[in-house]
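**Student:** Work out the full structure: start from the sequences and follow the hints.
Read off the chains here:
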Amino acid sequence: MLAAILVMVGIAVVTGLILGWSAIRFKVEGNPLAEKIDAILPQTQCGQCGFPGCRPYAEAIAKGEADINQCPPGGEEGVKKLADLLGIDPKSLDETHGTPKPKSVAFIDENTCIGCTLCIQACPVDAISGAAKQMHTIIAAECTGCELCLPPCPVDCISMVPIAEDLPHWKWKHPVIELKRVA
Amino acid sequence: MSRELFKFKGGVHPPEHKAESNGRPIHAAPLPRKLVIPLRQHIGNPAKPVVEVGERVLKGQMIAAADGPISTAVHASSSGTVTAIDLQPVPHVSGLPDLCITIETDGRDEWIAHAPLDYRAMAPADLRTKLRDLGLAGLGGAVFPTGAKLNPGASGHCPTLIINGGECEPWITCDDVLMRHHADEILQGMAVMRHMMGSTEILVGIEDNKPEALDSMRSAAAKLDFAVEIIAVPTLYPSGGAKQMTEILTGKQVPSGKRSTDVGLQVFNVGTAYALARAVHHGEPLISRLVTVTGHVLRPQNFEVLIGTPMHTLITLAGDRDGTTGVLMGGPMMGMPMPTLDAPVVKATNCLLVESKELFPPLPKALPCIRCTRCADACPAELQPQELFRFAKAGDFGRAQEYHLFDCIECGCCSYVCPSHIPLVDFYRYAKSEIWAHEKDKRAADLARERHEFRQFRQEREKTEKAEKLAAKAQAKRAELAAEPAVVGAAPSDADAKKALIAAALARAQAKKSDAAPKNVDHLTPEQLQQIDEIEARRAKIRELARQPLESEEKNT
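In order, the protein sequence lines correspond to chains A and B.
Going by numbering that gives the first Met the number 0, the residue at position 107 of the first sequence is 106; the numbering climbs one at a time, nothing skipped.
Going by numbering that gives the first Met the number 0, the residue at position 85 of the second sequence is 84; the numbering climbs one at a time, nothing skipped.
Using 30 Å as the maximum straight-line C-alpha spacing, the simulated BS3-like pairs for lysine-lysine come out as follows: (1) B:Lys441 <-> A:Lys170; (2) B:Lys540 <-> B:Lys512; (3) B:Lys439 <-> A:Lys80; (4) A:Lys35 <-> B:Lys441; (5) A:Lys100 <-> B:Lys439.
Think of the hints as simulated: they come from the structure by calculation, not from any bench.
**Tutor:** Listed below in structure tokens is the structure:
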């Protein structure tokens, strides 16, 4: 009887040590689920979800503090992907956080710009170049279209320009085939 | 020829329709009044304009330079004046305009100075750059920059060189007539390729429905000082595909996701070899090409056309007829419908196929897929087209990629044999472009994430830097003051140090104030001094008066 107890205790101690050691040895840095969620989010960093950027929103979803339908730039497709990842039912976008808009880039009317640098401070991806009392301009290739530069502008010289379809951005459409009525 | 030939899987045999256009000699299309030359005619980065509006250019002058290694230059096809650099219609199925250089021709067709290249004496890298600057791109259809392709890779030599004269697509005959009339130059180009690639085995594959081209190439090859095998391959669509031609001639398959140089061979089109010979032996850039105009026209034939010539002029030359329902650039299997005939002929334009109701009756309405797998039997890339169709239609692009969607060469065999008349290739093109768009979005998102994280890091760094700077400054001041009383001999406590700091700040402020004293009080006359004294006395009196009632008020309250 005693031998059996000792053996069981021994096994428990050994496995406990192995588990404890491996918990330290193979500790995963950061939150892997938040990483995966962050990879799906569109990285506009617009804050429409109510969090200061995509990463904090991803972390909030991972903790269960935020819903998956708060990201208008990601659209319904993004919600579907998040639902697939988390194994929950997709839902429609929460309209209180905004509605999806066509992809746009900010454009500074350089005649009106007074060089106040407020938009530069607001831009989450450093996509505006300029300096105090110098004309500012958007680096279009790096603009995510988050619209965060619009409110701080004291002279309202920034507008959002939808990205027009041109040859490099053109996509084949889903073919429409007329089906013959059989029955 | 006793060479053993291999057979690729699948393939179809559509009606050839070659005889319509291959009997007539090559006609040079007349010089148009206006040439519209697109800057995106090849795979890779579009060329960058190097001329300005209003500039006079000569025939063969570079008007746009290559941008990066996978790109080629673009040249003026004739002499004239640049009238515009703007968006113009281009031969693209979307009908969207693209950046083009428009040249108003002056009719003199005046060449820029050009000289043959001594390719044997040139370093391979220099020669490749030179060919890129001469605008050479593959004329078989993919328009891949030839300079970049003429690179044997790390091994330094590519044992097998294949020249593709397959031209398997129905109706098209431009390679056929080129081989009939310019076999010598094609072989000259091949000699340059052999030199650059270090190849020991040179194979020319020509479908056996082109006996005249085979004869002409064989008699030209007999004159050469190195061995070239001219091989007749059985006529079967798509034997002219680079991978299919490779398999027929060598039995080798290029593995999925690898390049043909990885298995020791490289494939070039006969048109590319001809253009290379013109470039090396005459120094001429790629400014013209052969274009078959056939189908529903009065005189189907091949034209030597300057790049930039509007398509409608060729159709007029060939004799346009009533009942035209559309024009394809390319053949009936892989060709693209042209939304506008104002678009110019580009390096990729091998054929203009004019359609009519009689020649190309509209397809019957599609029926649902019955999974008969006839498409799988016909697929030369050994794919499962019915599965790819299912995934593409459902938007399940990940699965489509698992089924090797990107090995699809869009040859159209599957659509050709489909008993339900489903436009299968359209679905694959749709799926491919969706996947590319997704990848592009992903790259943009990754860039945005990186920049956002860097911004946060930068803000954090600036904050700590500022705090450190302030702390260091305060520390320095404290040390400075601590040193002063040490001379006096008093040990400073913390409170003393603070007091000393305040005293020092006050002293600084005082000094500043006295520095800012008015400068017009020096060298005054006695009268002025007296006046000042009087004024000061009055001021003191007023101040005194002003203070008294205030004090009395305070006392009262």
